[in-house]
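Visitor: Below are the chains, spelled out letter by letter.
2 protein chains.
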Amino acid sequence: MEFRINKKDFLKGLAMVQTIVERRSTIPILSNTLIQAAEEGITLTATDLETAIKGWFPASVSLEGQASVSARKLFEIVRELHESEIHLQKKENNWVTLISEKSVFNIAGINPEEFPPLPKFKEEDFRPFPTGQFTEMIERTVFAASTEESRYNLNGVFFKGIEVDGQPTLRMVATDGHRLSLIDKTGVEFSSLEKGIILPKKGLLEIKKLIGDGAQKEGEKEEVIHLSLSESNFVAKKEGVIVVTRLIEGEFPDYESVIPKENDKTVRLSRERFISCLKRVSTMASDKGEGVVFEFRKGSMALSSSSQDFGDAKEEIEVDYSGEDLVAGFNARYLLDALAVMGAEEVLFELKDNTTAGILKPVGQEEHLCLVMPMKL
Amino acid sequence: MEFRINKKDFLKGLAMVQTIVERRSTIPILSNTLIQAAEEGITLTATDLETAIKGWFPASVSLEGQASVSARKLFEIVRELHESEIHLQKKENNWVTLISEKSVFNIAGINPEEFPPLPKFKEEDFRPFPTGQFTEMIERTVFAASTEESRYNLNGVFFKGIEVDGQPTLRMVATDGHRLSLIDKTGVEFSSLEKGIILPKKGLLEIKKLIGDGAQKEGEKEEVIHLSLSESNFVAKKEGVIVVTRLIEGEFPDYESVIPKENDKTVRLSRERFISCLKRVSTMASDKGEGVVFEFRKGSMALSSSSQDFGDAKEEIEVDYSGEDLVAGFNARYLLDALAVMGAEEVLFELKDNTTAGILKPVGQEEHLCLVMPMKL
Numbered sequence: 005m006e007f008r009i010n011k012k013d014f015l016k017g018l019a020m021v022q023t024i025v026e027r028r029s030t031i032p033i034l035s036n037t038l039i040q041a042a043e044e045g046i047t048l049t050a051t052d053l054e055t056a057i058k059g060w061f062p063a064s065v066s067l068e069g070q071a072s073v074s075a076r077k078l079f080e081i082v083r084e085l086h087e088s089e090i091h092l093q094k095k096e097n098n099w100v101t102l103i104s105e106k107s108v109f110n111i112a113g114i115n116p117e118e119f120p121p122l123p124k125f126k127e128e129d130f131r132p133f134p135t136g137q138f139t140e141m142i143e144r145t146v147f148a149a150s151t152e153e154s155r156y157n158l159n160g161v162f163f164k165g166i167e168v169d170g171q172p173t174l175r176m177v178a179t180d181g182h183r184l185s186l187i188d189k190t191g192v193e194f195s196s197l198e199k200g201i202i203l204p205k206k207g208l209l210e211i212k213k214l215i216g217d218g219a220q221k222e223g224e225k226e227e228v229i230h231l232s233l234s235e236s237n238f239v240a241k242k243e244g245v246i247v248v249t250r251l252i253e254g255e256f257p258d259y260e261s262v263i264p265k266e267n268d269k270t271v272r273l274s275r276e277r278f279i280s281c282l283k284r285v286s287t288m289a290s291d292k293g294e295g296v297v298f299e300f301r302k303g304s305m306a307l308s309s310s311s312q313d314f315g316d317a318k319e320e321i322e323v324d325y326s327g328e329d330l331v332a333g334f335n336a337r338y339l340l341d342a343l344a345v346m347g348a349e350e351v352l353f354e355l356k357d358n359t360t361a362g363i364l365k366p367v368g369q370e371e372h373l374c375l376v377m378p379m380k381l
Numbered sequence: 005m006e007f008r009i010n011k012k013d014f015l016k017g018l019a020m021v022q023t024i025v026e027r028r029s030t031i032p033i034l035s036n037t038l039i040q041a042a043e044e045g046i047t048l049t050a051t052d053l054e055t056a057i058k059g060w061f062p063a064s065v066s067l068e069g070q071a072s073v074s075a076r077k078l079f080e081i082v083r084e085l086h087e088s089e090i091h092l093q094k095k096e097n098n099w100v101t102l103i104s105e106k107s108v109f110n111i112a113g114i115n116p117e118e119f120p121p122l123p124k125f126k127e128e129d130f131r132p133f134p135t136g137q138f139t140e141m142i143e144r145t146v147f148a149a150s151t152e153e154s155r156y157n158l159n160g161v162f163f164k165g166i167e168v169d170g171q172p173t174l175r176m177v178a179t180d181g182h183r184l185s186l187i188d189k190t191g192v193e194f195s196s197l198e199k200g201i202i203l204p205k206k207g208l209l210e211i212k213k214l215i216g217d218g219a220q221k222e223g224e225k226e227e228v229i230h231l232s233l234s235e236s237n238f239v240a241k242k243e244g245v246i247v248v249t250r251l252i253e254g255e256f257p258d259y260e261s262v263i264p265k266e267n268d269k270t271v272r273l274s275r276e277r278f279i280s281c282l283k284r285v286s287t288m289a290s291d292k293g294e295g296v297v298f299e300f301r302k303g304s305m306a307l308s309s310s311s312q313d314f315g316d317a318k319e320e321i322e323v324d325y326s327g328e329d330l331v332a333g334f335n336a337r338y339l340l341d342a343l344a345v346m347g348a349e350e351v352l353f354e355l356k357d358n359t360t361a362g363i364l365k366p367v368g369q370e371e372h373l374c375l376v377m378p379m380k381l
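Protein chains in written order, with the working numbering: chain X, 5 to 381; chain E, 5 to 381.
So that you can see chain X by itself, here it is in the shape it has in the complex:
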């Protein structure tokens, strides 16, 4: 293997693989990136056996072949080089020599044959999907996924193809058992999702990164990402880079039965105002529970909190509440997380009693709901 590449392209590729490689892997090759040189360019690959990324970058290849070296170390080196051509050549012992101007680096390598192969997928299985919608759906759900390793079936977002009013609809749901976020996108067809799949958080965040800030500008054609689903993998492809994510095995819980249907007490208020009030009142909530007490009375909602060490806080907001008096406790952090991803100016907060989950919905975007379990007072 021997090629010349400019610093900018190489650094871009090496930056791309940094979040995938395992920092302290017990399997040394998982800390490495696989470099494959062929024809007009090179590919860089990294995997943690759950999520893999592979990208193509232009290079002047004089000898095809492959090598595998520490992704972090190569990144650190290339970052410090001048903006000029970098020459890479594989040596006999799997080491790689990197030369740039007057710097010479000999970088320890591992036999690239040991690099775990990516799952196979077929070009024809890919389907285009508008990037804006996909990013939005991920953003509005992924925060609610669990980070507890023992609850592996909640460590991701559940994708399911459903029908709403006879229209094909893609649903995403995430929950950690204390809160849940669900969003539907109607008119979006995605085959083989009848049973549903669970996509891990890390892979989804990589796909989100792959999409980038490619928000659609007026008059521009909407960007697309190409997606494909095999038996155990989800693959996303955009501009020469693919992200492969292994699906989480296991059953996603019966989330539908958790969503209360009889929350008949509703408050409608400004999202910004709700956020700012919650932030103020929760300063006095204890660090762990972040419990805030809500008192609903005709025309008003009062939030309060207290901590043994620091004191108490209370704030009242005038709202259009007309139900019975109700006192219920909620975790401020969970409410704030949900409000943060809502796109609307106003939200609905729907309640039943102090043992039923509260539901937040962005006004005008009823395809999205967040549920927060109540806290004991």
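These aren't lab readings, by the way, just hints derived from the structure by calculation. We treat Cβ as the ideally placed atom computed from N, Cα and C, and that holds for glycine. Not one of these hints is a red herring.
Incomplete in silico selection of chain E near chain X, CB under 10 Å: (1) Ser107; (2) Val108; (3) Gly113; (4) Asp313; (5) Phe314; (6) Ala317.
Computed spacing ranges between beta-carbons, pair by pair: (7) E:Arg28 with X:Pro257: 36 to 42 Å; (8) X:Ala19 with E:Arg27: 30 to 36 Å; (9) E:Asp324 with X:Ser88: 20 to 26 Å.
Chain X is already provided as a structure; the job is to place chain E on it using the hints.
Guide: Okay, now just chain E, sitting in the frame of chain X:
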């Protein structure tokens, strides 16, 4: 105590005390800020018993008095308030009630009489000092101070009044035993510094913060900071805020005998180039030692490093070296730290042999030198 204050002023004061208060103090009142209301404003004070800060802020005081509450909690609350008037009132049990618009906070307090008094100092003892010079001297020395608690006499910067060519001169020196930085400023008189004092790092950084980015602009009058020294405290004052720092007790080591006088081998090179070469080559140095090998030959300086796990690196720079061949090892991090604070475009690197400290000097600013001990190869 009762007063009204606008959010901006209050938040500025509370931000100021945050770095002083102890997060996990065993003495609860040290986590608090002392609020004293009198006449046209309030003062906020915080101390960790080594460094104290006290600042005055305008307020509309309706009842003079004082209170003490958690500095962090008060900051968190005020940060979340709207830009409007804040009303503070002390209650019987040392608690404080804070009201802003529709928010009411009752904040736990401690009897302000328990707050440690600041040392006394006299207004007439303060002497003006140009802020630019003072900041520069701190920046160029403080990085070399030790952070090891057991070496308390090295945990700061040594200030000493000396004479250079018959002129009064202020000298600052810091060392951690492995490297040292020394800077002299001639024409600067500072009384009672004949014996020298050691000022702790934290206090100096607070004084630097107090000075702010007040770099002198062309045509502007240079800003000054007022400084005063008592038996055991150093006090800095600027625009209504004072920082009081307790001097470190103990002897500063005999640094003069450590500075080699016979480094007859000299290399002169671009500071930027030296920094960028060191960064590249040190990528292959082991994380802890960061040892880089220097090989000096007629007309060239070669830097190299190697790590068992990752490989090796080498880079040669053409320099005006004309001494004997010399091979010596240095810690790249120490050299980089020293080069980072030097103001000149070019630096001198002065050596003798592989057991003598190397000396870095900014060309044209010979009042500043940094010394780095050699590493065994």
